[in-house]
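Protein chains: 4
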Amino acid sequence: MTVSREVVLEGHIIDSGMMESSFGTIMDLGGSFTVEEFDIGRRKDEESYARLLVEAEDEAALQSILHELHQHGANPADPKDAKLQPAPADQVVPKGFYSTTNHPTYIRYDDEWLEVEHMEMDCAVVVEDGAEQRSADRSSGQGPRDDGAEPRAYTKVLNAVEEGDRIVTGETGIRVDPPSRPRDSGGAFGFMQGGVSAERPSESTIQKIAGAIEETKRDGGKVLAVCGPALIHSGAREDMAHLVREGYVDMLSAGNGFAVHDIERDLYGTSLGVDTETLDHARHGHKHHIYAISEVIREGSIEAAVESGTIESGVMYECIENDRPFVLAGSIRDDGPLPDTITDAVEAQNAIREQAHEADMVLMLSTLLHSVAVGNCLPSTTRVVCVDINPSTVTQLLDRGSAQAVGMVTDIGTFVPMLAEQLDGE
Amino acid sequence: MTVSREVVLEGHIIDSGMMESSFGTIMDLGGSFTVEEFDIGRRKDEESYARLLVEAEDEAALQSILHELHQHGANPADPKDAKLQPAPADQVVPKGFYSTTNHPTYIRYDDEWLEVEHMEMDCAVVVEDGAEQRSADRSSGQGPRDDGAEPRAYTKVLNAVEEGDRIVTGETGIRVDPPSRPRDSGGAFGFMQGGVSAERPSESTIQKIAGAIEETKRDGGKVLAVCGPALIHSGAREDMAHLVREGYVDMLSAGNGFAVHDIERDLYGTSLGVDTETLDHARHGHKHHIYAISEVIREGSIEAAVESGTIESGVMYECIENDRPFVLAGSIRDDGPLPDTITDAVEAQNAIREQAHEADMVLMLSTLLHSVAVGNCLPSTTRVVCVDINPSTVTQLLDRGSAQAVGMVTDIGTFVPMLAEQLDGE
Amino acid sequence: MTVSREVVLEGHIIDSGMMESSFGTIMDLGGSFTVEEFDIGRRKDEESYARLLVEAEDEAALQSILHELHQHGANPADPKDAKLQPAPADQVVPKGFYSTTNHPTYIRYDDEWLEVEHMEMDCAVVVEDGAEQRSADRSSGQGPRDDGAEPRAYTKVLNAVEEGDRIVTGETGIRVDPPSRPRDSGGAFGFMQGGVSAERPSESTIQKIAGAIEETKRDGGKVLAVCGPALIHSGAREDMAHLVREGYVDMLSAGNGFAVHDIERDLYGTSLGVDTETLDHARHGHKHHIYAISEVIREGSIEAAVESGTIESGVMYECIENDRPFVLAGSIRDDGPLPDTITDAVEAQNAIREQAHEADMVLMLSTLLHSVAVGNCLPSTTRVVCVDINPSTVTQLLDRGSAQAVGMVTDIGTFVPMLAEQLDGE
Amino acid sequence: MTVSREVVLEGHIIDSGMMESSFGTIMDLGGSFTVEEFDIGRRKDEESYARLLVEAEDEAALQSILHELHQHGANPADPKDAKLQPAPADQVVPKGFYSTTNHPTYIRYDDEWLEVEHMEMDCAVVVEDGAEQRSADRSSGQGPRDDGAEPRAYTKVLNAVEEGDRIVTGETGIRVDPPSRPRDSGGAFGFMQGGVSAERPSESTIQKIAGAIEETKRDGGKVLAVCGPALIHSGAREDMAHLVREGYVDMLSAGNGFAVHDIERDLYGTSLGVDTETLDHARHGHKHHIYAISEVIREGSIEAAVESGTIESGVMYECIENDRPFVLAGSIRDDGPLPDTITDAVEAQNAIREQAHEADMVLMLSTLLHSVAVGNCLPSTTRVVCVDINPSTVTQLLDRGSAQAVGMVTDIGTFVPMLAEQLDGE
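Protein chains in written order, with our numbering: chain C, 7 to 432; chain D, 7 to 432; chain B, 7 to 432; chain R, 7 to 432.
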């Protein structure tokens, strides 16, 4: 005796691969299906609609199929409310909690779809009705905006979960909308398809990235740059400072080392002891980064060192001078660290998360650690550009289900100058 | 005024992504379509069938869409005969010649579908009727088998094209069947999905590869090993020799360097001057490979050196002793070369092509150059395993549209011993 | 008018390259020299002695030469006491402070040479006489051992410097002994020379590494393993657990992710959702690591989860069961984290530092971040083995002036099983 | 009873590491030594002189030491004539033949030192007296110049050895001069030391390379560019064509694929089907390279296609138009090939060898195969610049004992445009 359920696919179900993966999943798991309705979008801006009757041998098999279909964005035709369970303790999720993807997600609550706020993956979803809201407002930065007594759903990372939070469990009443891949070559991000390779036209790709930055700025969007110290070592500091000054970059996310070498270059003309113009190894140069940290500690902070005139140039200088907020996250390989560096990983993650949620476009520039940290907090709808000379790094960063991500395997020391030239030339 | 044409998708159109890409293509190119018939395979061994009516603004747009659809395996519902044009000169193709994929392909000729023999990509397709056949039989190894006076279609690489060959042009009357991805986890090759990464379970993957080799042998298939010199340097020579001796490897494709270092190890105990057991650098070791070549030249050939007792062990020795045919292809970085090395690139390609067409499974072991050369000659239906420590190499080798290819980023010096242990243990 | 100074080179001045670099340095900086005495060790266990008279145009040039010579281990023939200056504030070094190398170092104080304790690079050197000692004992873990009222010298990282610490400045009265490269092929670490390459004999190298571990254990030494999560993903977890259980590994340094995936495998049979034996992607597998963290939080700690029987196997389990101390250092890309993870970078560094100073041999296994953090704290005399599939990682880890470091470019998923087999077989 | 021999070290014995390695070698091999005379160059342009008395237990041990010392450039104080033996057959060397390094080498013949012509490594050395010369002149391009009846010594690769050639064997009467590393930062090639890394200042390094090219041209030298197809794919074709046209590049060495894609871009606007400006994948683009080959075959040669106006731009076009000689070497992965491609590996090597011997500076641009082939033929005194995005490739190319080689890990698609800009701007 078979059991069945109606399932609906909506949106760009062809482009997103949703239909292919749904059909495949049903068959892989031993089920079968009939396409009851199929209305395909015939132009690229039209959405499609398909209604399938999914059949399986027993309820367990059906549930297993429905679970997988859900991952691909196929949802039951007759939505019921999501199940909510209280968190048993701080930082502990109820069994069977729903772990998020990074795609736009909706929770069925009181027969309405609530869009989940602050989408990011590997989170729990907390649902509040209006009454709860006042108390929640007092909690972490992850919390709700003050928008009246309406029920709300939002993500919480594990360590922010508090005892009693009403957490979505199971898979009923949850809708996921995987974004379709941009197909129109007219859009700023339609230019790059296929795998990661160093054998792509470099100058033309940089031109397209410049175009996407300009489009983002024109639309009032914010650009977040995530920078590794290789950017400084490879001599791209002055051009990066230029991008910050001119407002092509609105926010900066980096580690202690990036800021240290940026400041070392200002104070001593070197990056890790090497003069990035003459390529000379400075005498005593191996001490410069320790000195640089010591000087900033003496001043109290980077801002204080800029204001006192100790630091007179560079990326950090331009951030201070032009009010571009920055997050410096600490790590166990840091020297110092600088007083501005957030040494606690959880605290640093929270600061990164806030930046990530504000960003409309993210440039990940030759740092794996910080790019992964930022990427973890991004919804799949944010535009991402990954630049690294190591193809494995680019592959790893792109491999997060984002439809808006492009990668470029190139030298950061030539990329940033060329990008700056493109942005200035237009 | 729009024009339209019926197009048919047949086979594993969901699994192969054919449907998704066909729908996307039509819309990308400004066309529209109606699904006139849609009969989906409900179990994984069932084929599907879809008939679409494709519409476009004018004939040019329609042709452009049909061209792209064809690439994805969608074919006109009312097939006409393929167009044939004579090659204007040796090695010169007619304008608009049809350049092959590596997928199974059929040519419409006299209202019948001829399966194209010797499928490989970037080739021209030559069609012969029975009358022509006798003369063609006298030509290159690429030529036809003696199977009566039936018309035939087969591939020819550019440099084998002869003046007057009847070559398929345009896209009418050509059907391509892209293989579906293996979905059943039961099959020997169903084990690996997703991108290329070093962070996969190594021992278990090697076990699966051993299983696939055994399955191939059980089915009476032939295994071709493509080997780079790193295999010898990294100390895997003895285990590779074992695989040849025991018949897990039926044919060998390599370069001059592979054979030289294999023989160097036999004659002098070193590979590029390093003792692969003690790790010592032998005194005078840098001369050993030149000596080894010189010794083989003195004997006349590897076979002669084995027969005279000069060479007493190793991969080449086992090939000779156990009648495993090998191809040694020359390159511009060779020392020597050995008398067995085919120095002419075209001649070497022909020898490689013959091996490739005989193989049912190919192991590509830490050589990019030779693996690409072999891969160029393989139809997409041959099983391929690529092993290299450089992820870019594995990615590049897998990126050829084969549904039967798996890659593993690992150390050839540990891979071969573990594979040999797996194969022996079972 | 030239100025001159006598300089002495002592020890393995040929093997260490000290002589070559000293001669070169003098000439590069425009000086000249006469070899006044030259007594060369004629056997590999004999030390050499050379006394040079270095001449330069003026005092500034001479000081510059002496500074560089000092870096290479050449010291003034007539040592004077080191200069000490009080730290002006917490975490602030006096101008011109001496920044350490990772080589054994001696400070001239009251006409005696004090060996600097806790050698590690990029530190300040603090000198105490007996009187100060009592108060210092109350300070950080970096502080002095209680060994009487003798004067002492020891390193302090920048953030441990306290106002008033007497810090070595300038270069007078400091002696550095760079270790000689091991040249005798008999020693366990004499086996590997030359650059980093994947084309080395893998099995033989693993055998040598096993020999070095056994030698270290026989000598009563301690082995520290620094492990990345790739070790778990690649299926080497069971063999690593074995090495911990059998006492080949005495201490563990890792990140949150390593412990999470180790525990995930115990609780759910997967690592990042993949069954490392069958290679299957578990249904719901992407939640497993979050569940694993949540379970440990519920229990309170890994130890509590082992004791309650929740965790029953794996690397962390064996650490708990066999009293092998571990440090889990947090990072900004962590999920959770586990309650055992030290989230503050400075605190984590201190814990890492303590382990590093206790270790006689360090295995760095496929983690760049944690290996750099540990490597930063190691003196150049500790044996180090770096294993990674990325040659750049191995190069970067070896490039720290250690004479006792060997690197291997291989797959951690085959390396650990083969190492365990070697260690058991002997 | 010990035996002894006097050995002389001359030249830049400190800079070149000759002294260090000589001392180490003697001790490693169980010998001992006394420094009988030691006259050190005190300025960087002064040569040094050392005379050692080397002692060993018996003659065999002494010979072994002398062999190794010889490799490092230490030579017997009392030179005897080199031993010559006739080659027993074509392509067969006498036992114990002397295999060359790539350093300047001298052969003792009739009590005179003959400088070995056409230095390249892994070759035999043939000595001719005047009488032999006439016949030899008729042999291969590798042969002697017509410079009278003086005795001569020159290299021969194994496959050029002819029966009866008088070949140097043993190690008596051979002197090798390893070049010293350039230490003066004033020279164009003094700028780069240390290992291979992507984290170097990119723009400044390119500026230095431009300076070295200009210096080479000013000195009347010839620049050979070795180019891989990635150069075309990455969009650097126009700038490379510019360098050829303007005479910064005098000769070109490449493979079939480089020329094919260069011509494809001219004929169809694409490289491997991708428009390098718009990044669009051209419809039918996968056929373009086959068409391009077919077109050139139809014309007869690249030169004919340029003259007929079929090819109107690009790197090959500029080579033809400006009389820059090029070598296109075939390989087993080639499509086609073009009529200009030398398909025989030995023949191609000979053509490459001739170019290599004429070059004063070699740019190796993103091709491992061709760069190794050219590098094999270069003496260690030729300036080499290696550019590749893969650090392993750069390391492998630099690892050939050349003192004049610099490497840069960067993107060829940004490198060439920036280099062209630097060269034009000055």
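I should point out that these hints are in silico values taken from the structure, not numbers from a laboratory.
Treat the hints loosely; a few may be bogus.
The list cannot tell twin chains apart, which means a pair is met if one copy fits it or any two copies do.
Simulated crosslink set (DSBU-like; lysine-lysine; CA at most 30 Å straight-line) [claimed, not checked]:
1. 86 / 101
2. 101 / 89
3. 228 / 86
4. 89 / 228
5. 223 / 89
6. 293 / 86
7. 101 / 228
Evaluation of the provided hints:
Taking the shortest Cα distances, residue 86 and residue 101 sit within 30 Å of each other inside one copy (20 Å), while across copies they are farther apart (61 Å). When the C-alpha separation of residue 101 and residue 89 is checked against a cutoff of 30 Å, the pair qualifies only within one copy, where the shortest distance is 12 Å, while the shortest distance between copies is 64 Å. Proximity of residue 228 and residue 86 under a CA criterion of 30 Å is satisfied in neither setting, with 37 Å inside one chain copy and 56 Å between copies. For the homomeric pair residue 89 and residue 228, neither the shortest alpha-carbon distance inside one copy (36 Å) nor that between copies (52 Å) is at most 30 Å.
When the C-alpha separation of residue 223 and residue 89 is checked against a cutoff of 30 Å, the pair qualifies neither within a copy, at 41 Å, nor between copies, at 53 Å. Within a single copy, residue 293 and residue 86 get their C-alpha atoms only as close as 64 Å, which misses the 30 Å cut-off; across copies the closest is 23 Å, which meets it. For a Cα distance limit of 30 Å, the shortest separation of residue 101 from residue 228 qualifies neither inside one copy, at 38 Å, nor across copies, at 41 Å.
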